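Asks: Residue numbers (this note's numbering), protein chains in the order written: chain A, 1356 to 1688; chain B, 242 to 583.
Every clue listed holds true.
DSBU-like cross-link-like pairs, simulated, lysine-lysine; straight-line CA separation at most 35 Å: (1) A/Lys1385 to B/Lys514; (2) B/Lys444 to B/Lys284; (3) A/Lys1421 to B/Lys514; (4) A/Lys1463 to B/Lys375; (5) B/Lys375 to A/Lys1421; (6) A/Lys1479 to B/Lys356.
I should point out that these hints are in silico values taken from the structure, not numbers from a laboratory.
Note that the coordinates shown come from a computational prediction; the quantities given were computed from them, not determined experimentally.
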Amino acid sequence: MYNIAVLGAGIIGVSTALNIQKQLPSARVKIISEKFGQETTSWGAGGLFRPTAKFIRGVPEETIRKWSRTGWEFYSSLAVSDKAKEAGMQIVSGYILSQTKVENPVYKDVVYTFHELSRESKLKLGFGHYNYAYMVTTVIATVREYLPWLFERFKENGGQTEQRRIDDLNELVGVYDVVVNCTGFGSRTLFGDTSMFPVRGHLLRVKAPWIKNFVFTEDDAYLIPNGDLLVVGGCRQENNFNLNIESKDREGILERCLKIFPALKGAVIDHEWVGLRPTRFPIRIEKEVLQLKKGPLKVVHNYGHGANGISMSWGTSKDAAELVKEALLGSKL
Amino acid sequence: MSDEEDMKPIKIAVVGAGAIGLSTALCIQDRIRNCDVNLIADKFSPSTTSDGSAGLWTPFLVPEDQIEMVTRWSMETYTYLLEKFRSEDAYRYGVQLISGFNFCQEVKTDPPWCKDVLGFRRLGEEELKLYPGKEFGIFYTAFTLDVPSLLSSFMRKFREQGGFVISKKLGSLQEIESSYDIIVNCTGIGSAELLNDTKVKPKRGQVIRVRAPWIKHFYIDIDKNDDVTYILPGIDTVVLGGTAQDGDWNTEDDPADIEGIMERCLKVMPSLKDSKRLGTWAGLRPYRESVRLEIDRNTNPSKTKIIHNYGHAGAGLTIFWGCAKDAADLVMDLVKIHKSKM
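One chain only, chain A, in its complex shape (with noise of 0.2 Å):
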């Protein structure tokens, strides 16, 4: 009986630890990490599914729609279910506004619909100060719902957690037949990849119930509807490792968001988070065998995932179970 260790308990680690128990039933699979839940990188995340190759620098367009495919099939199969509610995945339908025309995304060839807005209808809808507006209906993930219902699906499939902090690899040589790193900005310490970056992100979770569609745009101004509440984001500063609030991001995103939207007017903020993106290019998956002070270890890295973790959450994760597989039972041929 094979002991996996999952290191790391965001959208990635537990992706990863259901993956590894699909691929490998009879594996004894623990989920070691000194963050659960709510203290996670990926809580705060405002879950919607749009893939962007272009976002996901250094993995080759068809990986990218793999893994969109997969994640989609995943998503959707919930958000259509029973368990839509308890496993928060909700079907939302949204405009994306762009100044340069958006062709081919990853993520048309798997959404509802994605179609160009005609001149009259992005003027009706008051989005005229972009040259390109597209209607797309695709799916949101409320990660406070998703990420405790994949943690639930572990749990009852056997798997087992533990809330330590990692500091020394060697902890582990012998301990565990394989280590899978999925500790986003975790390993920037851990494992010593320096090639990672934060990019810091604000987002404030709003009432507005009257918005049930999402708008995104690259400015900097997005509305992503979480269940019963609405995400209100957001900011991207590179190298920005400051996790405190700053009313001034605040005052920022209020301001953008309200002169794309008006209706916004009359939101109530519910609370505010900042969170920083593990940004890495490309996404590292990969296996490795490293040779510590005690001896060999056998790794799999799953991270780096930036601004695409949840969408990219299921698609990676299967990749990275596959390469768990791999790393016991020996290359495919």
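Chain A is already provided as a structure; the job is to place chain B on it using the hints.
Replies: Coordinates of chain B only, in the frame set by chain A:
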């Protein structure tokens, strides 16, 4: 004719304070300079028929001979609602932009309003697969209104613009004739009794209200038994329905109806199993063979003029603004005649 008489404000009574009455009163205030408008009703928001409705904009089951008029009224209302939604007043007026699905059993032609609404398309084969048993469907962007918020904002504006409200149940319009130059009758189902209009018949609609905030689209389905099933998210609640029982005056909840609605809605959206029930309600859609929006020709020409604006069936929240504007135009016509006679 003295200048003084010319300056006397026209006294107008609007009877009925649902969506039709309030919107008509506002349009009259906008249209007619120098008028005093009194709103007379026995029921006010949140107790009107309009308040209990889901507030959905969708032209529905329109008889052939009225398609053109209903389409015009519908689009005028759509334009008005879109303008409200785009403004900072969206939440105060209870206007919610929402897209959704409208299914039926057989392939149909596109409705006449398809080119005018936002985001209209026919559902593709792949999408229809998600809804077994449905042969045809359309998707479009429309509105659901939080009617109590809408009527509350209308009432506020009506009063701000000098309108006066009288709470009173009338036995007939003749009771108030002597006090007004023009009466606009917006009494909906009340017209059956008030005017002895036997053409007004209720179409009973049972609904359930639930909390299900993860549902972000509306779903409407008419199946082969002509059962109507709908899931209509409002701002804070979702309305599940429905029934369409002709000639049924019963406003008590019917447990069998409620069970049937829940069963059919669960088929369309299984995750409703996790919805939280908040309440149930049965309302009477004020049906008539057609909307009556006209000057009453039967009144004595030297007496108070009456304009009718009732019989909007299940389309009240779809056509109210277009009808209110037409009613205000009719009032204007009467005012011109009245002035020319003086």
